[in-house]
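Visitor: Full structure from sequences and hints, please.
Protein chains in written order, with our numbering: chain A, 1 to 136; chain B, 1 to 136; chain C, 1 to 136.
Hints were generated in silico from the structure; no laboratory data involved.
One or more of the hints may lead you astray.
What the hints assert, rightly or not - Computed cross-link-like contacts, PhoX-like style, restricted to lysine-lysine with a CA-CA straight-line distance of at most 25 Å:
1. A:Lys65 x C:Lys18
2. B:Lys18 x B:Lys65
3. A:Lys65 x A:Lys10
4. C:Lys65 x B:Lys18
5. A:Lys18 x B:Lys65
6. C:Lys65 x C:Lys10
7. A:Lys18 x A:Lys65
8. B:Lys10 x B:Lys65
9. C:Lys65 x C:Lys18
Note that this is a predicted model, so its numbers are computed, not measured.
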Amino acid sequence: MTEKIALTPKTHTAPPAKFSHGVKKGNILQVAGQVGFLPATEGRPPTPAGPTLRAQTLQTLANVKAILEEGGATWDDVMMIRVYLTDVDHFAEMNAIYNEYFEEHLTAAPAARTTVYVGLPAGLLIEIDALAVLDA
Amino acid sequence: MTEKIALTPKTHTAPPAKFSHGVKKGNILQVAGQVGFLPATEGRPPTPAGPTLRAQTLQTLANVKAILEEGGATWDDVMMIRVYLTDVDHFAEMNAIYNEYFEEHLTAAPAARTTVYVGLPAGLLIEIDALAVLDA
Amino acid sequence: MTEKIALTPKTHTAPPAKFSHGVKKGNILQVAGQVGFLPATEGRPPTPAGPTLRAQTLQTLANVKAILEEGGATWDDVMMIRVYLTDVDHFAEMNAIYNEYFEEHLTAAPAARTTVYVGLPAGLLIEIDALAVLDA
Chain A
1 MTEKIALTPK THTAPPAKFS HGVKKGNILQ VAGQVGFLPA TEGRPPTPAG PTLRAQTLQT
61 LANVKAILEE GGATWDDVMM IRVYLTDVDH FAEMNAIYNE YFEEHLTAAP AARTTVYVGL
121 PAGLLIEIDA LAVLDA
Chain B
1 MTEKIALTPK THTAPPAKFS HGVKKGNILQ VAGQVGFLPA TEGRPPTPAG PTLRAQTLQT
61 LANVKAILEE GGATWDDVMM IRVYLTDVDH FAEMNAIYNE YFEEHLTAAP AARTTVYVGL
121 PAGLLIEIDA LAVLDA
Chain C
1 MTEKIALTPK THTAPPAKFS HGVKKGNILQ VAGQVGFLPA TEGRPPTPAG PTLRAQTLQT
61 LANVKAILEE GGATWDDVMM IRVYLTDVDH FAEMNAIYNE YFEEHLTAAP AARTTVYVGL
121 PAGLLIEIDA LAVLDA
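Guide: Laid out in structure tokens, this is it:
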């Protein structure tokens, strides 16, 4: 029996539906799609960082990181990062922010990545999810 | 040697290409993108439930569930659910249906989830795929 | 300790950001989103095969295959293939190419698959990523 554990950082706003921000079972850790919401504040609805792509991207990465850490993982354990942008014209800027961020936060081989352009709720420019495999 | 097994519920219409509705290898089970097709009927082309988002969503979830069960899994084993909608305005209604469904079908921690808005073939409002990790 | 290894086929152009074309850790192998870029040539920017969907799809599948092989895997180990198209009208043609390709390249049960329609950078008609589970 291997238990599936929900990962819920204190900084995170409540999910808008019956899903977990992250789950861990055995050595597999899955992070749900994160957006650039600022740390939760009592009585304030979820509020994205911004309005720049840079602010939202860094907050989104911080939100993914918090879930990884809640599960005892780091960016070094991440195998796959899915980046959802709303605008093809944001690709180069996102990559620059992404590179700068991981220059600082990564010691192992970089994760694989897929970036596609989709619709997101109004005000959101980026969404990121991640799959990690922890050391066995 | 760990065998990869195709999961093909009897209720399912034939995939439109050389892919499996689900596969299982070791303790990993992957469900292919499911849509709201009604159970297959001899001589009838694949027909979505509907026309409401509610009918399609519940049928899609039932189709995912059938594949999980074909592989000896349940919703409790699911780590990640990817929801593809075609319309941002469907988010709140989908969440309400999703919550109601999992209130009934889940005893473990809810799976992580990513929801994005994409194009789907005409007549389809939702597509869902899922990754499960079974008990080792 | 299980090491995460970056998979970088010689034929591949450098990723446009700090990510790996593929990574392997234990028996999990993740291939990053591949597009139909021709094999890298010194001094030439990444250039897609084409202009047909057929040429891009076959090049994309070849690019995924090179990463699988770099990690000691084959298509038979692949559990999930995500296909991103830009145009719903390409579905039938992509399926025909996909079937023909896997008729030749697959002996095990076909992988699960999800196909959705998204935006991609100009000139790209298809992107594919893949998750493989190797024999334990």
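Visitor: Are the hints correct? Go through all of them and say.
Guide: Now the hints, each set against the structure:
1. Under the criterion of a C-alpha separation no larger than 25 Å, the hint pairing Lys65 (chain A) with Lys18 (chain C) is consistent with the structure, at around 17 Å.
2. In summary, the hint linking Lys18 (chain B) to Lys65 (chain B) is supported, as the alpha carbons are separated by about 21 Å, within the 25 Å threshold.
3. Note on Lys65 (chain A) and Lys10 (chain A): the hinted pairing holds, with a Cα-Cα distance of about 13 Å set against a maximum of 25 Å.
4. Distance restraint check for Lys65 (chain C) and Lys18 (chain B): the Cα-Cα separation of roughly 17 Å lies within the 25 Å cut-off, and the hinted pair is therefore satisfied.
5. For the proposed pair Lys18 (chain A) and Lys65 (chain B), the alpha carbon gap of about 17 Å is at most 25 Å, so the pair holds.
6. Between the alpha carbons of Lys65 (chain C) and Lys10 (chain C) the distance comes to roughly 13 Å, so the proposed pair stays at or under 25 Å and holds.
7. Simply put, Lys18 (chain A) and Lys65 (chain A) have alpha-carbon atoms about 21 Å apart, close enough for the 25 Å limit, and the pair holds.
8. Note on Lys10 (chain B) and Lys65 (chain B): the hinted pairing holds, with a Cα-Cα distance of about 13 Å set against a maximum of 25 Å.
9. For the given pair, Lys65 (chain C) sits about 21 Å from Lys18 (chain C) by alpha-carbon distance, which is consistent with the 25 Å threshold.
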